[in-house]
Amino acid sequence: MNKPIRVLIAKPGLDGHDRGAIVIAHALRDAGMEVIYTGIRQTPEQIANAAIQEDVRVVGLSCLSGAHNRLFPKVVELLRAEGAPDILVFGGGIIPEEDIPSLKKAGIAEIFGPGTMTADIIAFIRAHTS
Amino acid sequence: MGLGSAVLNRDARSASRLLSLIEDGDPRATAELKELYSHTGKSYLIGITGPPGSGKSTLADQLIAHYRSQGLRIGMLAIDPSSPFSGGAVLGDRIRMQRHATDSDVFIRSMANRNWPGGLSQAAGEAVRVLEAYGCDPVIVETVGVGQSEIEVARLAYTTILVCTPATGDKIQALKAGVIEIADIIVMNKADLPDAEHASKSIEMIIGMKPPSSWRVPVVSSVARDGKGIDKVIDAIEAHRRVMESTGTLTRKKLETAKSQLREIIWRKLCETARARLPGDSELEQYAEQLMRGSGDPYSLAEEVVRKLG
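Chains B and E, in that order, give the protein sequences. When you number the first sequence by my numbering, it's gap-free, plus one each residue, and the end is 132. When you number the second sequence by my numbering, it's gap-free, plus one each residue, and the end is 1283.
Chain B on its own, in the form it takes in the complex (with noise of 0.2 Å):
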């Protein structure tokens, strides 16, 4: 039996629309992942601390607000600093094209934006977690 990939979805920052991030959640679920979603104004700590207990192969951050270019990074080195490089981190929100290369090489593994279809956000963490 495969072992179902276990998840965590957060939403760093105060920004409270959630429909994306629990529409992910749902896709996820549904393509038989084990998601943990830690619910709105989470700080990079608390997201970081929840992904360790949790032992989430995965983190995918929803930000609508502006805040990924500070939050983001940070949930990345506080993941590093715990000893745990290897969870893979994305993002989505609303991410101005322009960000995304400073993220990517703060660590996010990938971007998407609004309009992804949650097909492929399964594809990519299908194929970055085998």
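Please note: incorrect hints may appear among the correct ones.
Pair ranges (Cβ atoms, derived) [what the hints assert, rightly or not]: (1) B/Thr120 x E/Lys1232: 46 to 52 Å; (2) E/Ser1186 x B/Asp88: 51 to 57 Å; (3) E/Ala1140 x B/Asp88: 42 to 48 Å; (4) B/Gly85 x E/Arg1128: 33 to 39 Å; (5) E/Arg986 x B/Arg43: 23 to 29 Å; (6) B/Pro87 x E/Thr1075: 16 to 22 Å.
Calculated from the model, a selection of chain B residues having no Cβ within reach of chain E, i.e. all distances over 10 Å [stated by the list, open to error]: (7) Pro6; (8) Asn71; (9) Ala108; (10) Asp122; (11) Thr131.
In short, the hints are calculated from the structure, not lab data. All values reported here derive from a predicted model rather than from experimental measurement. Beta carbons are placed, not taken as given, at the ideal position from N, Cα and C, and that holds for glycine.
Dock chain E against chain B, hints included.
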């Protein structure tokens, strides 16, 4: 691997990794559990069960806050159901407890039941041992949202709390057998909803019909979201624990748990051995073709196969 020693040294990542190995049925977990075992069995185990949406996680969050204010280190195992269709799950209990996420003295682990029946997951018992070895006392286990007959939590926990709401039904519902029978404490949560008092009284009436014993199940009202009634829930847990200890019930319960765990592990090993000796697919197909030709029956064939295995 050294995960066992790392857990005893309170390394969170190691505890977390070991929990995953146990969940995945990885044989490497056994060596680590052997190392940890003598450090377990000393923490107090509290079970929280009840129908979906009754407020179990919110109550757990409040209990954690209380126990932290007393300087205790808490382990929390929160179980949610897996989809019978996709095998996936959304583990949505931790979301109610995230204010504790940066507290190094609170270890929260979400688990999917992976379609294990009874309200817990197959790995729950061993997961609790890891949290104990990690230094957590008490350890709180929250079941999936249960129906009327999922009672496994009562076999694991020393105090089982049933969380219900005023909408759970009337005195006839309370009369029905099942999960209400395993409750040591009943919490009438969302007591700010209409008919809460009437619902509590209906349950109290039915509970009152039990023959007298050393413990009378209290019905405690709460609004967990607002922190109301939590002190009464804590008092009830402490009172139940005192009765469990003074009557020797706690010791008997731990003995029963050790017995059933041993039985389960022996059974698992016997199944592994038996499974390894099952005839392979092509051999089975030959037997099946024999049957299709009208020769013999599967019962006699099976007896012969088992006899040959010796």
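Going through the hints against the structure:
At roughly 47 Å, the beta-carbon separation of B/Thr120 and E/Lys1232 lies within the given 46 to 52 Å, and the hint holds. For E/Ser1186 paired with B/Asp88, a C-beta distance near 53 Å keeps the hint of 51 to 57 Å intact. With their beta carbons about 45 Å apart, E/Ala1140 and B/Asp88 fall inside the hinted range of 42 to 48 Å. Between B/Gly85 and E/Arg1128 the Cβ separation comes to about 36 Å, which falls inside the hinted range of 33 to 39 Å.
At roughly 25 Å, the beta-carbon separation of E/Arg986 and B/Arg43 lies within the given 23 to 29 Å, and the hint holds. Between B/Pro87 and E/Thr1075 the beta carbon distance is about 20 Å. The supplied range of 16 to 22 Å therefore holds. Once the 10 Å rule is applied to beta carbons, B/Pro6 is inconsistent with being away from chain E; the minimum gap is 6 Å. Non-interface call for B/Asn71 relative to chain E: holds, since the shortest CB-CB distance, roughly 22 Å, exceeds 10 Å.
The Cβ of B/Ala108 sits about 22 Å from the closest Cβ of chain E, beyond the 10 Å cut-off, so the non-interface label holds. The claim that B/Asp122 lies off the interface holds: its Cβ sits roughly 17 Å from the closest Cβ of chain E, which is beyond the 10 Å cut-off. Residue placement check: B/Thr131 keeps its beta carbon more than 10 Å from all beta carbons of chain E (closest about 13 Å).
In terms of the numbered hints stated before, the structure departs from hint 7 and from no other.
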